[in-house]
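Participant: Here is what each chain is made of, one letter per residue.
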Amino acid sequence: MSDLLADFLGDWNALLVLVIAGFLPNEVWRMLGLWLGGGVDEGSELLVWVRAVATAILAGVIAQILVSPPGALASVPDWLRYTAVAAGFAIFAVTRRSTLLGVVGGEFVMLAGKWWLG
Amino acid sequence: MRGTTHTVRLPLALPALDSPSWQNPVRVFAWGMRSVTSTVLTLVLFATYLGIGALAHDTHFSLGWVLASTTLVWAGPAQIILISTLGSGATVVQAAIAVTVSAIRLFPMVVSVLPMLRTRETKRRQLVLAAHFIAVTLWVECVRLLPQVPRERRIVFTHGLGTGLLCVCLTATTLGYGLAASLPQTFAAAILLLTPLAFLLSTARNCRQFADVLALVLGLALYPLASQLHTGVDILISGVSAGTIAYGVHWWREGE
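As you go down the protein sequences, you meet chains A and B in turn. First residue of the first sequence? That's 0 in numbering that gives the first Met the number 0, and the numbers climb one at a time after it. First residue of the second sequence? That's 0 in numbering that gives the first Met the number 0, and the numbers climb one at a time after it.
One chain only, chain A, in its complex shape (with noise of 0.2 Å):
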């Protein structure tokens, strides 16, 4: 029973790797916009440029996965994952912003393009 807990668990290092590396410094975000956000006007200009990094930081954290993919996305050529999300941006653009068509058509180019290429 005690070993299926070490499988299941890992090693304790690990676990307070990922409350340091992890956890802790995602969470301090929201601490902090629960603390700071009682005084800011939703309408501000602080906001406005606040949101404006924000969604630009997030710009940057999908360019990043496409740019040096993880895991099995590194098998998929750079050409076809940038092509794939192009695609998926467009057929979003012209489906009144489908989320779901734009997302399911990237998909598709990208599996298309990887049997193609055998």
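No wet-lab data here; the hints were simulated from the structure. Predicted, not measured: the structure shown is a model, and the values here were computed from it. From the three backbone atoms N, C-alpha and C, an ideal C-beta is built for every residue, glycine too. There may be inaccurate statements among the hints.
What the hints assert, rightly or not - Partner residues aside, some chain B positions facing chain A, computed with beta carbon under 10 Å:
#1 PRO24
#2 TRP73
#3 ARG104
#4 VAL112
#5 ILE236
For this one, chain A is given, so just place chain B on it according to the hints.
Facilitator: Chain B only, in chain A's frame:
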């Protein structure tokens, strides 16, 4: 797929705002949980977490570790960044910086959702769990659903919604972890592509002002340049510059 599209498009039937059935908090919590079935984002989230489970398996993390990361971190991109940076041999400090930079976007989300949840009597500590649940999906769903919920019941409803999404994601993480060994590479690549696709499109959808659109475009364009600097905080550099330029253009247009 067609069947699912139909069910996810069903409008969620919530009682009228003045209905006495809102009095029972357990029921409100259950309605919150059930409303995860009313959005296509739940499917995207499910697939994203299949990918995160599979990625964690391939980078030799334990199942308990990745389930704990889903519960504690509760942000898809941050988890992918954490797993891939640690997996590629980065130090704890480098991983923490990469994660915290990706998480800055949570700040304005929390700031914009909280005024919808709070009443004059609400204490800050009552909002801690709701703030923890806030990520892209919950933010989008709160904006869509909360106007249909009486103000004094919104925190309970959000707790239900968050718990429902967490259950979906924990199930998907476990499935992805278990399937990883037998998952064909193409399928694994397809689920990893979901995160950038879904994030790009849902962010584009949420752009309210010209500044947001410009920030998105510039942020995509500047990252490849900033990544040439190899500073370890490339996303922060490209994000702050792109966001500030976008804000500058917005300010200049307002002044015209």
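Participant: Could you run down the list of hints and mark each one as holding or not?
Facilitator: Hint check results:
1. Checking PRO24 (chain B) against chain A: minimum C-beta separation of about 22 Å lies over 10 Å; hint violated.
2. A hinted interface residue such as TRP73 (chain B) counts as satisfied when its beta carbon comes closer than 10 Å to some beta carbon of chain A; here the least separation is about 8 Å, so the hint holds.
3. At a threshold of 10 Å, the smallest CB-CB gap from ARG104 (chain B) to chain A is about 4 Å, leaving the interface hint in force.
4. Taken as an interface hint, VAL112 (chain B) checks out: its beta carbon lies about 9 Å from the nearest beta carbon of chain A, inside 10 Å.
5. Because the smallest distance between the Cβ of ILE236 (chain B) and any Cβ of chain A comes to about 9 Å, under 10 Å, the interface hint for this residue holds.
When each numbered hint is compared with the structure, a violation occurs for hint 1 only.
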